[in-house]
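Trainee: Protein chains in written order, with our numbering: chain A, 1 to 113; chain B, 1 to 112.
Don't read these hints as lab results, they were simulated from the structure. Hints should not be assumed to be uniformly reliable.
[To be verified] Simulated pairs of lysine-lysine, DSS-like, Cα-Cα distance not exceeding 30 Å:
#1 LYS2(A) - LYS56(A)
#2 LYS13(B) - LYS42(A)
#3 LYS13(B) - LYS52(B)
#4 LYS67(A) - LYS56(A)
#5 LYS42(A) - LYS22(B)
#6 LYS42(A) - LYS2(A)
#7 LYS42(A) - LYS52(B)
#8 LYS57(B) - LYS15(B)
#9 LYS52(B) - LYS22(B)
#10 LYS22(B) - LYS67(A)
#11 LYS2(A) - LYS67(A)
#12 LYS57(B) - LYS42(A)
#13 LYS57(B) - LYS2(A)
#14 LYS13(B) - LYS57(B)
#15 LYS67(A) - LYS52(B)
[To be verified] To give an idea of the chain A side of the interface with chain B (calculated C-beta under 7 Å), a few residues:
#16 SER32
#17 TYR39
#18 SER43
#19 PRO44
#20 ILE92
#21 ALA98
#22 GLN100
#23 PHE103
#24 SER105
#25 GLY106
We put the beta carbon where it would ideally sit given N, CA and C, even for glycine.
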Amino acid sequence: QKEVEQNSGPLSVPEGAIASLNCTYSDRGSQSFFWYRQYSGKSPELIMFIYSNGDKEDGRFTAQLNKASQYVSLLIRDSQPSDSATYLCAVIGPSGSARQLTFGSGTQLTVLP
Amino acid sequence: AAGVIQSPRHLIKEKRETATLKCYPIPRHDTVYWYQQGPGQDPQFLISFYEKMQSDKGSIPDRFSAQQFSDYHSELNMSSLELGDSALYFCASSPRGNNEQFFGPGTRLTVL
C-alpha cells in the first residue's frame, strides 16, 4: 500500500464548477500536508498547505484536514480551464522525523470550457 | 520574488557518463531537497541538506552523491549513468523552521 493515496482520475468538471480532490495517508503521526499543482513537464507548484484539523481557505482553494480519518482534500471553486493540471497531495511525517515530502500519484484534473 | 534556480535545464548524456546538476535555493532558505520524477510517476525524494550538512537520505543510488556548499547552493553528481536515470530532477528549498518546500524548474536528464 502506498503511503499517500489519491484517486488517479482523470477528473473532469465543467468551467465554474467545484472540483473536489481527495487524499488519504497511512502514517497516523504525519504532521504537515500539502497540495501541489503540476502542469505537464513543469515543476510542482505549492498551492496549499495545512497543519491543523479543519478547513483552510485561500482564494478559490480550500484545503480540509481530518487527522482522525487520515484524510486531506482540496476544493477548487469556480474552476477555470487554466486549473487543468495534475494535483499532487504530499505529506511530511511525524514531528522529529525526516522532512522530505512523500507524494501521492496525483489526480489529473480537466476543466472543460 | 526570487525562485529556486536549477542548471542546466536540459542535459543529454550517454550511458556510463557522468552528470552534475546544480541548484541555487531561494535566498535565506537553509534546507535543500533533491527529487527525481520518472515519466508518469510522482516525485521521489533523493537526499536533503540542512545548513550544508546532509540531513536525510531517500532512494538515492550509490552512484549518486550530493553536497551543499558554503553559499548554500547544492550539486547532485551522477556517475555511471544508466538508461533508467532518465528523468526530471527537481531541487526544492525551504526556509528555516518551515516545512513548505518550493521547487525549482527542474533539469530534464536524458540518458541515451
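Trainee: Next, verify each hint and record whether it holds.
Mentor: Hint check:
Under the criterion of a C-alpha separation no larger than 30 Å, the hint pairing LYS2(A) with LYS56(A) is consistent with the structure, at around 26 Å. For the hint pairing LYS13(B) with LYS42(A), the CA-to-CA distance comes to about 21 Å; that is within 30 Å, so the pair holds. For the hint pairing LYS13(B) with LYS52(B), the CA-to-CA distance comes to about 28 Å; that is within 30 Å, so the pair holds. Our distance criterion of 30 Å between C-alpha atoms is met by LYS67(A) and LYS56(A), whose separation comes to about 14 Å.
For the given pair, LYS42(A) sits about 17 Å from LYS22(B) by alpha-carbon distance, which is consistent with the 30 Å threshold. Between the alpha carbons of LYS42(A) and LYS2(A) the distance comes to roughly 24 Å, so the proposed pair stays at or under 30 Å and holds. Simply put, LYS42(A) and LYS52(B) have alpha-carbon atoms about 27 Å apart, close enough for the 30 Å limit, and the pair holds. The straight-line distance between the Cα atoms of LYS57(B) and LYS15(B) is roughly 25 Å, inside the 30 Å bound, and the hint therefore holds.
In summary, the hint linking LYS52(B) to LYS22(B) is supported, as the alpha carbons are separated by about 14 Å, within the 30 Å threshold. For a cut-off of 30 Å, the pair hint linking LYS22(B) to LYS67(A) is broken: about 37 Å separates their Cα positions. Of the pairs offered as hints, the one joining LYS2(A) and LYS67(A) holds, with about 18 Å between alpha carbons and a cut-off of 30 Å not exceeded. At roughly 24 Å between alpha-carbon atoms, LYS57(B) and LYS42(A) fall within 30 Å of each other, so this suggested pair holds.
Between LYS57(B) and LYS2(A) the alpha-carbon distance is near 19 Å, which keeps this suggested pair within the 30 Å criterion. Restraint check for LYS13(B) and LYS57(B): the C-alpha separation of about 25 Å stays at or below 30 Å, so the hint holds. For the proposed pair LYS67(A) and LYS52(B), the alpha carbon gap of about 34 Å is over 30 Å, so the pair is violated. Against a cut-off of 7 Å between C-beta atoms, the interface hint on SER32(A) holds, since the closest Cβ of chain B lies about 5 Å away.
Checking TYR39(A) against chain B: minimum C-beta separation of about 12 Å lies over 7 Å; hint violated. A least Cβ separation of about 4 Å between SER43(A) and chain B falls short of the 7 Å threshold, and the interface hint therefore holds. A distance limit of 7 Å between C-beta atoms decides the matter here; for PRO44(A) the minimum to chain B is near 5 Å, and the interface restraint holds. Annotation: interface hint on ILE92(A) holds; nearest CB of chain B at approximately 6 Å, less than 7 Å.
With a least beta-carbon distance of about 4 Å to chain B, the hint placing ALA98(A) at the interface is held under the 7 Å criterion. Look at GLN100(A): its Cβ gets to within about 4 Å of chain B, closer than 7 Å, so that hint holds up. Against a cut-off of 7 Å between C-beta atoms, the interface hint on PHE103(A) holds, since the closest Cβ of chain B lies about 4 Å away. At about 5 Å, the closest approach between the beta carbon of SER105(A) and any beta carbon in chain B falls short of 7 Å, and the interface hint on this residue holds.
Interface restraint check for GLY106(A): the shortest CB-CB distance to chain B comes to about 6 Å, inside 7 Å, so the restraint holds.
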